[in-house]
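Peer 1: Okay, here's what each chain looks like letter by letter:
Protein chains: 2
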Amino acid sequence: MKEISQAVIRRMPRYYRYLGELIDSGVERISSSDLSARMNVTASQIRQDLNNFGGFGQQGYGYNVKNLFEEIGKILGLNEKHNIIIVGAGNLGQALANYIEFEKFGFLITALFDINPDLKQQRVRGIPVYMSEELDAFAQKNRVDIAALTIPKSKADTIANHLVDLGIPAIWNFANVDLELSDKNVMVENVHLSDSLMQLSYNIVKNKKEMQTGRSNV
Amino acid sequence: MKEISQAVIRRMPRYYRYLGELIDSGVERISSSDLSARMNVTASQIRQDLNNFGGFGQQGYGYNVKNLFEEIGKILGLNEKHNIIIVGAGNLGQALANYIEFEKFGFLITALFDINPDLKQQRVRGIPVYMSEELDAFAQKNRVDIAALTIPKSKADTIANHLVDLGIPAIWNFANVDLELSDKNVMVENVHLSDSLMQLSYNIVKNKKEMQTGRSNV
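Residue numbers (this note's numbering), protein chains in the order written: chain A, 147 to 364; chain B, 147 to 364.
Only chain A is shown next, with the shape it has when bound in the complex (with noise of 0.2 Å):
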């Protein structure tokens, strides 16, 4: 399988977002510079993008939407159902669970696991939260391709290596740490929210240099 840029994938789901648009307001055929102008990347962009799996547009007639849009899922493998647990069922845990649109993409969240007691045989929209003890069996007993991992950073190696030994293929971690993992062939993905919120306010600052010193129109 050609090795694609990960830069390529980060952008795959957004033109997937916006051709589900294109879709819900009835679009049924767009060209590359129509596409480019809505999502502001240069056409040529989204050509040499798509082209890295084979393109999909016929010169001149721009590409069928819904088409586009399928193979595109079927790239990013939302033609797959993937179950999802959560483990660490505090705030984020459970705004994760409450969160329906995961479903919508194939994503399913069959459980959570955390070890507050007080938090034991409930359910979040319900999904049920079982204690950390539970985790073992729950593992063996049901297929789990994804786990999210809610915790706070210092539990994140211990358990996300555990997670790893249970067989779970791949780990989403909100956690403030990158996991070393003793699996090289476990997937992960990050949600930095801190690192997010410091670019953010790089970008204020920034922002607020340049005018002062005149660069903006305001």
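For the record, the hints were derived by calculation from the structure and aren't laboratory data.
A portion of the hints provided could be inaccurate.
Since the list gives no way to pick one copy over another, a pair counts as held whenever it fits inside one copy or between any two copies.
Below, simulated DSSO-like cross-link-like pairs (lysine-lysine); rule was C-alpha separation at most 27 Å, straight line [said to hold, decoys possible]:
hint : residue 1 : residue 2
1    : 227       : 354
2    : 301       : 266
3    : 212       : 352
4    : 355       : 299
With chain A fixed as given, assemble chain B onto it according to the hints.
Peer 2: Quick look at chain B alone, frame taken from chain A:
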């Protein structure tokens, strides 16, 4: 001010995080090659990234950890306080309000806003929840540096533009849509959870295929 690519900026919080951990473990000085081994990026990448800001190491002496940590903090604007309001006090909004780590970096959540009357006069970790109609008065009386947008995507553009009209200079967008704002000087940082999950799913499917074709060591 020299334009620095967002790819470089995206890596800076990670340097900051690693340097913070080094300080916590009592390390005072580190070579770019040691830092590179820990962070799993090349030493030349580290030097290049930091050279964007003038460079902070002396050849052969490595970096002074505390000094570099503070300098990167300044670059990221963490020497200033940032007041955040959360617009949308549902599960995700409350999860953000409960997250105390942000305060450590100077991000202070000052209020939540929602349309749900059940939340009227509630507090989340002591932070007041106000009704949406109180937003304008609040923003006029209090400095707001960042609005976190944790609302459904159908309302995101309208509400975001209202926040822009109120003079709020930055939006931390959790709605699953790219905002179309009337003022291009407003900074936007997106946290698209579905996109992140799709990227993970792409890598899972790719990994599975590679294992089947025997490229993996499993």
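Peer 1: Each of the hints needs a verdict: does it hold here or not?
Peer 2: Cross-check of the supplied hints:
no.: 1; hint: 227 x 354; in the structure: between (46 Å within a copy, 14 Å between copies)
no.: 2; hint: 301 x 266; in the structure: within (20 Å within a copy, 35 Å between copies)
no.: 3; hint: 212 x 352; in the structure: between (41 Å within a copy, 23 Å between copies)
no.: 4; hint: 355 x 299; in the structure: neither (34 Å within a copy, 32 Å between copies)
Checked against the numbered hints above, the structure violates only hint 4.
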